[in-house]
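Sequences listed follow chains Z, L and Y, in order. Our numbering puts the first residue of the first sequence at 1, with every later residue one more than the last. Our numbering puts the first residue of the second sequence at 1, with every later residue one more than the last. Our numbering puts the first residue of the third sequence at 1, with every later residue one more than the last.
If you're looking for bench data, these hints aren't it; they were derived computationally from the structure. Where is the CB? At the ideal position from N, CA and C, for every residue including glycine. Some clues are possibly wrong.
Below, a list of computed lysine-lysine pairs in the DSS-like style, where the Cα atoms sit at most 25 angstroms apart [claimed, not checked]:
no., chain 1, residue 1, chain 2, residue 2
1, L, Lys367, Y, Lys254
2, Z, Lys92, Z, Lys21
3, L, Lys367, Z, Lys112
4, Z, Lys92, L, Lys267
5, L, Lys260, Z, Lys92
One-sided excerpt, in silico: chain Z residues whose CB lies under 10 angstroms from chain L [unchecked claim]:
no., residue
6, Arg8
7, Val10
8, Tyr12
9, Asp14
10, Asp16
11, Arg52
12, Gly53
13, Arg55
14, Ala60
15, Gln74
16, Lys92
17, Val95
18, Gly97
19, His98
Below are the chains, spelled out letter by letter.
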Amino acid sequence: MQDVANLRTVFYFDFDKSVVKAEGFADLEAHAKYLALNPGASIRLEGHADERGTREYNMALGERRAKAISRFLQVNNVNADQLEVISYGEEKPAVLGHDRGSWSQNRRVELKYVSR
Amino acid sequence: MVGKIRIWWAVLALWFIAAAPAQAELTIEITQGVDEPTPVAVVPFAWSGSQALPEDVAQIVHNDLARTGLFKLLSRDNMLGFPSRADQVYFRDWRVSNTDFLVIGRIAPQGNGQLRVEFELYDVLKEQRLLAEQVSAGSANLRDIGHYVADMIYQKLTGLRGAFSTRIVYVTAEKMADQQYRYRLQLADSDGARPRTILESREPIMSPAWSLDGKKLAYVSFETSRPAIYVQDLASGKRQKVQSFRGLNGAPAWSPDGQKLALVLSKDGNPEIYILDLVRRQLTRVTHHYGIDTEPSWTPDGQSLIFTSDRGGLPQIYRVHLASREISRLTFEGAYNARARMTQDGRFLAMVHQTGGSFHIAVQDLKTGRLDVLTETGLDESPTIAPNGSMILYATQEGVRGLLGGVSLDGSVKFRLPAAKGDVREPAWSPYLQ
Amino acid sequence: MFPVSRHTLATLALLVSAGVFADEVQVIELNGGQSNGVANRGSVPELTIQSASNGGQGQAAGGLSQSTELLLLVQQLQDEVRLLRGQLEAQSHKLKRMETEQLDRYRDLDRRISFLMRSAAPSSSVGGAAPTVAPAAKAPADAGPRQPAAVNGSVANIDGNDLQAYQDAFTLVRQRAYDPAIGAFKAFVRNYPQSERLANAHYWLGEIYLAQQKLELARDSFSVVVAQHADHSKAADAAYKLGKVYAELGDKAKSDQYLDLVLSRYADSSAARLARELKNQ
């Protein structure tokens, strides 16, 4: 059994987009495999947006991103009960700063294990 | 008769700095003026009591009028005298200092802690009294009196109802010593003075919205670590959680009759707009689309909602007629238009509009379709319109700080309300109060 | 065992910059349709799923589970339908606008023609051989649609008051239509030499020239305000701007002269504060 601790847990997105990028597929599949084999494990998917645009729209965008990851896991045999989705919109940036570099790090979904 | 103020379309040229009221946490800097403001002098009000008053009423009136950009206020240093009654007014003196309109007043103790405030407005050129009124108040309410006087003068000179006696709410985020954020929902006078905290939380607070009687606020709080919508009574401070489904609970907006809240829920899979009947506790779904539907607000007639949707690939403003459920798109210029608010006359939409990679406040004339970008700063959001339709307050960035900016609907007048501490965001302008 | 293969869903952006994926790529074309970009913003992404295998692993290409591929496909389809919907909305809006404009144009033409016919009729009935050319030539100028006088500058609306003409010119400044605005303000100066807004017109001419970096012209316009309208409310600002223009022209002495003028003659003006700041630079 591989250790999920070594897998990527932050997935990045393009501006106003919620398409899961190919670079994350392998790690997501590995997370999915682990969750499917461990029905007692559960995760929380926290969606975020960068500060550009309006707050409530970004709240929706953060959720759509988290849901995109959630669906990916579900079609890979993860039970919906093991997943929780929450959006923080632009309220909790990973990086403070008003430039391209900060923005690209803030458009993200963080996958957090609630129990393993 | 009364000279209506000639309001000039103007671009920037003048940079005024108004003196900061000593007690205010938010101070106002006027960053732009109109082309030909009307000269007005507000003489310090005479005070016949013994102890000093806690507020300078004339200064409050002076600052209120200055902030509109429509008036050029004579500084006290240049006044040839401080008349406080009609028989002390020498019109010739005021003509010499190029004053078109003159405000004088006096305050006297009335016993039982009450004060009587009398004020008069004169047309200097016609040597005519336009207004004379008296009001009484406790000394704790002198700021209210100042705003009231400013409202009366503004109305007399422009023909528009003044909105100085209104309030604003906004959210601040402050990083504390423990590196944690403290979010506060603040209530203040329309000039930013007398701020007080309505709610404090370690988790985000968002989207404050006034009920149309000005007595209640709805907002989103993450205090339980998940978003929920609360309604809080301002007088009693009592609050109630009205909605906390799984997923998003956001963007509450009161209906004009105060009975309903439009809001956004994603309980059915993705963000959709619902109407919650607060009296019958009934929830009705309004939109059905797999795209994002959010940021609803009511048209003043209560017949429709306007909202942001990216059902067309990019966020744009749509209107849904509630009876027929017919949906029409309202904005077509640019790749990003969001969070629209309609003026009370239903003519204009204020919104966030993206041009060239940055986000500005823009106004669209719904009759002609014409869109005007009003601001130059880059990350402007959350426009909220004064109840008299004269000004838009919005959130902007200056350096690394979030602060509030104001702009007139024609873009000619601008001011800023910088906060002493923390990041200021999401202003919401109250309706007329009382 | 840790899966090493990476799988790729590529949208249009990745297709265009295919160089990003250096490895050989297996492409499942579900729709080879060349969406010709419809010259609109937000062109439609091609509906294509690509599976790329990575790192020289000779593993079976496209290791994505079928349901994952289906999911990605549905998402792409949804995105594409949204974009198409957006384009449809924009185009029907454009169409509607063109229809109304056409109707307006027709009505305008109709008005002009009936005006022509009306003005031609009496002359032929009375004079018989009356010259029809004169009224015909004159008519369009009167009957034309009411353009704001300022639009081409030379045709000022003399009938309207100076306020309207001034505001029209000003609107052009707001729209940053600088050349038309110059024409409009010049026409204003010509047509309303007595206007109390004359100084304002000169001032704004100066502002526009300054914005266009036509420094000499800006200097001339601001000078008119300072020299001929010294008591006007715009004089202080004009003097300050002259200080600025001379500074940009490299004439420090003249620049200081005007800034000092602002400080002495218009000490209480907001321009004085700016003048002080400029001097201290």
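Which numbered hints fail: 1, 3, 5, 6, 7, 8, 9, 15 and 17
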